[in-house]
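Spelled out from the first residue to the last, the chains are:
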Amino acid sequence: MQNQQYNTDIVKSFVHWSLLWGLVAVLVGVMASIQMTNPEFNLPPYLTFGRLRPVHTNAGLYGWGVGMIFATFFYMVQRLCKIRLWSDKLATFQLYLFNATIIAAAVTLLMGFTSSKEYHELEWPLDVMIVVLWVAFAINIIMTIMQRKEEQMYISLWYMLASIVGVAILYLVDSAAVPVTLFKSYSAYAGTNDANVHWWFGHNAVAMAFTAPPLAMFYYFLPKSTGVPIYSHRLSIIAFWSLIFMYLWTGAHHLLWTPVPDWIQTLAMAFSVMLIAPSWGSVINGYLSMKGQWHQMRENYLVKFLILGITFYGLQTLQGPMQAVRSFSAFIHYTDWVPAHIHMGTMGWVSMISFAGIYYLVPRLYGRQIYSVQLANLHFWLVLIGQLIWSFSLWIAGVMQAGMWTAMNPDGSLTYTFMETMVEMYPFWWARTIGGVIFLAGVLVFIINLFKSFRNGEAVVLSGATAEGRA
Amino acid sequence: MWEKRPIIFLILATLVILIGTTVTVVIPFLSVNTAADKIDSVIPYTALQQEGRDIYIREGCNNCHTQTVRPLVTEVLRYGEYSKSGEFVYDRPFLWGSKRTGPDLARLGGKYPDSWHYKHMDSPRAMVPGSNMPDYAWLKNNSLDPQLIERKMQVLGFPTTPAELSDLKGKSDMDAIVAYLQKLGSDIPWRKTVKTEIVGELVNPYANVDHEELEKFEALYLNNCAACHGRYHEGDIGPQLVGANYSENELFSIIYNGVPAGGMPSFASLGSDKVWQLTNFVKYYVSAEDHP
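Just so you know, the protein sequences line up as chains A and B, in that order. Under the working numbering, think of the first position of the first sequence as 38, with each following residue one higher. Under the working numbering, think of the first position of the second sequence as 59, with each following residue one higher.
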């Protein structure tokens, strides 16, 4: 079989471990969410909300998200280059280092070793581990591409390469710090500069780690799943270059109305609105690639995950620019609306695409059919409904809270004290917990289905339809 | 062409990424934290305050509290003077945050007396009914490490004295974090400049309301005053109110403007109507002999 020439073990290992870290992320998320409504569930010193929340985000973003990037990039790069991975040993080293880093991350964060920077909390020794990890990954991917047997680089490879360069630049610049002890350092930048550098990182980590890679997956797995090519190559070129150009200007939309210079805020706002175009370039390209294939939404559960995923990407990239406009930001920023926005991206877009990627890989890596399509459909509905309850409850909460924060009496005084607005959030936080539990149930159904497939799934006879040669 | 040449592709992608980066991230270093935005009265943290700041970071307080007041009407009313770039030059890292599960803390320094903070950190719900903040009473059990703090001050380049460092002995994490919270936003004398002048004649809109009417104001008292002045006006952190001999107008202006030197915050943002309700409740409800 042609498969034998590829390293599939490394892909499987990364899938397994990212699933584990993804499950941890959701479990810790549910726990943190219960702490919001019931503060007695804070167990100091290690299990308080302030320490658990970074464990939730890091496990989700780096354990699940980046783990799936490693898995799917290693799968795709070998097929798209029609050659085995450049170095198996380096990839195995990367796997061990990846898990060691995630475990060390969880332990140090619970110990309270944190830089405090959102989505980049890990202290400097872990930063070093992550840099080594990323360099190992970059070398392997780039060398594989250099030796490829397919001259043309497919769209997915562009997004992969951009992601590798982008994450490297962002991470290095934002990590700069002066160590005091092994687990305490002070940022190389101070105050307003630090804020500006960090949100340049924060926003573009979303671009380079959670937009470009899922797009690489989407552009690969959608045509592979439907059997129909991407609608427009030219559109994908325009969307790609304008996306990676515009994203880098927008970090300061996280800092509207703060002491960061106004002109940076204005640029960030303008570029954020312009970003709708390249984002929707990919969304429309995805939708048009379904022309004549929409019946597959009924027949092929994989397509359902992919199309819902890209739809949430489309909604996310409309809502994001809206929040990046000064007037709306003044109203909505710092409320519960913001986590609702983020979770549409993570639960709706990145996770949906990653689930689809794994379903696609099952017959191809394990030689087994999925154990139950019904369970796959159940998984789909649970994670979809869970996410919608999660986001809608906090969108409503955010608008309500923003309205109360800005409400004024005719004499120019405030209508509500802070606590009068906060206590109104409790019912919505409860709803969010329920949404999270439903999402967790979906993930468990998914894992059970996968486990059953590996054990009892029907053996796959690779036919022409699933042949690996077609890129 | 670039679709077939990975090295050229990588160089192009890097250049494209660096354009926006240069403009929005590199160039600002020329103007931010320079003489252009410097504020002379802003001074570095003391050893105790800096350690408190590091504890604030360690406990992840920034996950629920922001530290930047935006120049928006309701925000300035609620929290105080809006934040200026020059106030943050000693902040490594910045702690502006992104979510207000709890209130903004940029102007917290000097709002309450130390004793309020100790009690609140011990048990937030005892001071603020309905709060979902975790208890931090256990911070009292951790003692500070003066040597480590000295090294931190050296790395940061902040001035310190042997006396200041030896004072750290016997102090706890709790002392440090309270010291830090009391410094927040207080390097510029904003409280003096925003003090509201009461102009014109004060007219009590609730003069001579009956006891039943007064009872309706109790919730307002419990939410805003009881933590310091006691459930039954018996006093605690703040003075007891039973038998306090203030005229209506005196009481009104104390509640409206606060007593910054005595640690009582201003309640102007409640609006004069609610301040009048409190005035009447405090002055007349106690004498009603409903409570022991």
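Hints in this document: simulated from the structure, not taken from any laboratory. Hints are supplied without guarantee of correctness; some may be wrong.
[Claimed, not checked] Taking lysine-lysine pairs in the BS3-like style, the calculated list, with each CA pair at most 30 Å apart, reads:
| no. | chain 1 | residue 1 | chain 2 | residue 2 |
| --- | --- | --- | --- | --- |
| 1 | A | K221 | B | K274 |
| 2 | B | K96 | B | K177 |
| 3 | B | K227 | A | K221 |
[Said to hold, decoys possible] Pairwise CB distance ranges (calculated):
| no. | chain 1 | residue 1 | chain 2 | residue 2 | range |
| --- | --- | --- | --- | --- | --- |
| 4 | B | V100 | A | V362 | 30 to 36 Å |
| 5 | B | P187 | A | S269 | 58 to 64 Å |
| 6 | A | E461 | B | E270 | 37 to 43 Å |
| 7 | B | K198 | A | E461 | 49 to 55 Å |
Note that beta-carbon positions come from the ideal geometry of N, C-alpha and C, so glycine has one too.
Hint-by-hint comparison with the structure:
no., hint, result
1, K221(A) with K274(B), "52 Å, violated"
2, K96(B) with K177(B), "36 Å, violated"
3, K227(B) with K221(A), "21 Å, holds"
4, V100(B) with V362(A): 30 to 36 Å, "32 Å, holds"
5, P187(B) with S269(A): 58 to 64 Å, "59 Å, holds"
6, E461(A) with E270(B): 37 to 43 Å, "28 Å, violated"
7, K198(B) with E461(A): 49 to 55 Å, "33 Å, violated"
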